[in-house]
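Participant: The numbering of the sequence shown is the working numbering, which starts it at 4 and goes up by one.
These aren't lab readings, by the way, just hints derived from the structure by calculation.
Do not rely on the hints blindly, as some may be mistaken.
To be verified - Computed beta-carbon distance windows for the label pairs:
| id | residue 1 | residue 2 | range |
| --- | --- | --- | --- |
| 1 | T170 | V269 | 18 to 24 Å |
| 2 | T153 | N100 | 39 to 45 Å |
| 3 | S63 | P187 | 46 to 52 Å |
| 4 | K278 | E116 | 55 to 61 Å |
| 5 | I5 | D193 | 57 to 63 Å |
| 6 | K262 | K173 | 37 to 43 Å |
| 7 | D237 | E128 | 46 to 52 Å |
| 8 | D193 | D119 | 28 to 34 Å |
To be verified - List time: in silico DMTMM-like cross-link candidates among lysine to aspartate or glutamate, alpha-carbon distance up to 20 Å:
| id | residue 1 | residue 2 |
| --- | --- | --- |
| 9 | K120 | E66 |
| 10 | K23 | D75 |
| 11 | K24 | D193 |
| 12 | K274 | D185 |
| 13 | K24 | E99 |
| 14 | K278 | D191 |
| 15 | K213 | D277 |
| 16 | K46 | D69 |
| 17 | K123 | E157 |
| 18 | K274 | E81 |
| 19 | K173 | E245 |
| 20 | K73 | E171 |
| 21 | K172 | D277 |
| 22 | K258 | D217 |
| 23 | K224 | D193 |
| 24 | K213 | D191 |
| 25 | K46 | E57 |
| 26 | K23 | E116 |
| 27 | K140 | E171 |
| 28 | K120 | E81 |
| 29 | K73 | D237 |
| 30 | K162 | D237 |
| 31 | K278 | D217 |
| 32 | K278 | D143 |
| 33 | K278 | D237 |
| 34 | K173 | D276 |
| 35 | K224 | E245 |
| 36 | K172 | E116 |
| 37 | K173 | E116 |
| 38 | K258 | E245 |
| 39 | K213 | E169 |
| 40 | K224 | E99 |
Virtual Cβ for every residue (Gly too), placed ideally from N, Cα, C.
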Amino acid sequence: MIKISIQGARGSFHDIVARKKFPGDSEIIESETFKQVFEDVHKGLTDYGVVAIENSLYGSFLENYDFLFKYDTRIVGEEYMRLVLNLIALPGTKMENITEVYTHPLAMSQAEEFLDKHPKMRRIEAEDTAAAVRLIKGQDLHTAAAIGSTLASEIYGMKILARDIETEKKNYTRFLIIARPDTPYDLDADKTSLVVHAKNIPGALFHVLKCFNDENINLSKIESRPIVTSRAWDYNFYLDFEKGLNAPATQRALKELEKVADRIRVLGSYKRDDKVDEQ
């Protein structure tokens, strides 16, 4: 049986991604933090992990970039999903009786416009959206509601009082599927992620990017993260580009990259997700 570690409870958006990617005989392992997901995979306690890496409104999940560098794991897939937020309560609960709303801080901020229209609803932060739904169910809170997914309402036998309450409908999150470091690379991969520590010379980033430009390789993401070294302002650069690791153009770019970088580490090579799932 395949084991998949997710951040959050069953019914979370991470759970939805895990179920889609691994629809067969699998076991979902709940983790309270992203760090725990990486540790589960790194230690071999689970086969895969699902972690959010960027949101179209919030930006990058910076700690997960740091964990990609810290832990010996491999990116084997990605999933883009539009996050649909719902107001969820116990069956029989009426909108006018709601005095408290529980959810993850990010979901709370993304439902700001809806919540402003209901000022009597006190906002209470929870560790994740699905955990908020489970809390209301477990404590039988008839004057409380949670903001979460349709799946969460179904799993916990709850009622959706209001659908699609997110302020911005173009609310997308990119999730990564991570695996053990000995997981083989996908021979049909058309996207690669790596981390580069450029040499400490003028124009270092320019020289890094030029390696890909010269091979006509499209860079879809660049993220910089400070690293703890003996000197200040030392950075790693995380790059996503739209070529598989084994492509001749990629191999030529990496060969040139070795000349302008102190360190290069491939984080994964996988199939690009071109379709957005709506949940």
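Participant: If a hint holds in the structure, say so; if it doesn't, say that too.
Facilitator: Taking the hints in turn, this is what the structure says about them:
1. Against the hinted window of 18 to 24 Å, the Cβ-Cβ separation of T170 and V269 comes to about 38 Å, which falls outside the hint.
2. Restraint check, T153 to N100: a C-beta distance of roughly 22 Å breaks the suggested window 39 to 45 Å.
3. Distance hint for S63 and P187: a CB-CB separation of about 28 Å, inconsistent with the stated range 46 to 52 Å.
4. Take K278 and E116: their Cβ atoms lie about 28 Å apart, and the range 55 to 61 Å is violated.
5. A beta carbon spacing of about 24 Å between I5 and D193 contradicts the range 57 to 63 Å that was offered as a hint.
6. For K262 paired with K173, a C-beta distance near 40 Å keeps the hint of 37 to 43 Å intact.
7. About 34 Å separates the C-beta atoms of D237 and E128, a value inconsistent with the hinted range of 46 to 52 Å.
8. Restraint check, D193 to D119: a C-beta distance of roughly 43 Å breaks the suggested window 28 to 34 Å.
9. Only pairs whose Cα atoms come within 20 Å are accepted, and K120 paired with E66 is rejected, the gap being roughly 33 Å.
10. For the proposed pair K23 and D75, the alpha carbon gap of about 25 Å is over 20 Å, so the pair is violated.
11. Proximity of K24 to D193 is assessed by CA-CA distance (about 18 Å); at most 20 Å being required, the pair is judged to hold.
12. Annotation: proposed proximity of K274 to D185 holds, straight-line Cα distance about 18 Å (limit 20 Å).
13. A distance of roughly 39 Å separates the Cα atoms of K24 and E99; the hinted pair therefore is violated under the 20 Å criterion.
14. The straight-line distance between the Cα atoms of K278 and D191 is roughly 17 Å, inside the 20 Å bound, and the hint therefore holds.
15. Taken as a hint, the K213 and D277 pair is broken in the structure, with Cα atoms around 26 Å apart against an allowance of 20 Å.
16. Our distance criterion of 20 Å between C-alpha atoms is met by K46 and D69, whose separation comes to about 17 Å.
17. The hinted pair formed by K123 and E157 fails the criterion: a straight-line CA distance of about 27 Å is larger than 20 Å.
18. Distance hint between K274 and E81 is fulfilled; the C-alpha atoms sit about 8 Å from each other, no more than 20 Å.
19. Taking the CA atoms of K173 and E245, the gap is about 23 Å. The hint is violated against a cut of 20 Å.
20. The suggested pairing of K73 with E171 is violated, with an alpha-carbon distance near 34 Å, which exceeds 20 Å.
21. A distance of roughly 19 Å separates the Cα atoms of K172 and D277; the hinted pair therefore holds under the 20 Å criterion.
22. The hinted pair formed by K258 and D217 meets the criterion: a straight-line CA distance of about 12 Å does not exceed 20 Å.
23. The hinted pair formed by K224 and D193 meets the criterion: a straight-line CA distance of about 14 Å does not exceed 20 Å.
24. Under the criterion of a C-alpha separation no larger than 20 Å, the hint pairing K213 with D191 is inconsistent with the structure, at around 25 Å.
25. A C-alpha spacing of about 25 Å is found between K46 and E57, which places the hinted pair above 20 Å, so the restraint is violated.
26. Restraint check for K23 and E116: not satisfied, since their Cα atoms lie roughly 30 Å apart, outside the 20 Å limit.
27. This hinted pair does not check out: K140 and E171 have alpha carbons roughly 28 Å apart, beyond 20 Å.
28. Pair hint K120 plus E81 does not hold up; C-alpha atoms about 36 Å apart against a cutoff of 20 Å.
29. A distance of roughly 16 Å separates the Cα atoms of K73 and D237; the hinted pair therefore holds under the 20 Å criterion.
30. Distance hint between K162 and D237 is unfulfilled; the C-alpha atoms sit about 50 Å from each other, more than 20 Å.
31. Restraint check: the Cα-Cα separation between K278 and D217 comes to about 29 Å, which exceeds 20 Å; the hinted pair is violated.
32. Distance check on the hinted pair: K278 and D143 sit about 38 Å apart at the alpha-carbon level, beyond 20 Å; violated.
33. Proposed proximity of K278 and D237 is contradicted: the alpha carbons are some 36 Å apart, above 20 Å.
34. Note on K173 and D276: the hinted pairing holds, with a Cα-Cα distance of about 17 Å set against a maximum of 20 Å.
35. Between K224 and E245, the direct Cα distance comes to roughly 10 Å. Compliance with the 20 Å bound is thereby established for this hinted pair.
36. With a C-alpha separation of about 12 Å, the suggested pairing of K172 with E116 holds against the 20 Å cut-off.
37. Taking the CA atoms of K173 and E116, the gap is near 15 Å; set against the 20 Å cutoff, the hint holds.
38. Among the hinted pairs, K258 with E245 is consistent with the structure: their alpha-carbon atoms are about 17 Å apart, no more than 20 Å.
39. A C-alpha spacing of about 40 Å is found between K213 and E169, which places the hinted pair above 20 Å, so the restraint is violated.
40. Our distance criterion of 20 Å between C-alpha atoms is broken by K224 and E99, whose separation comes to about 44 Å.
Checked against the numbered hints above, the structure violates hints 1, 2, 3, 4, 5, 7, 8, 9, 10, 13, 15, 17, 19, 20, 24, 25, 26, 27, 28, 30, 31, 32, 33, 39 and 40; every other hint is satisfied.
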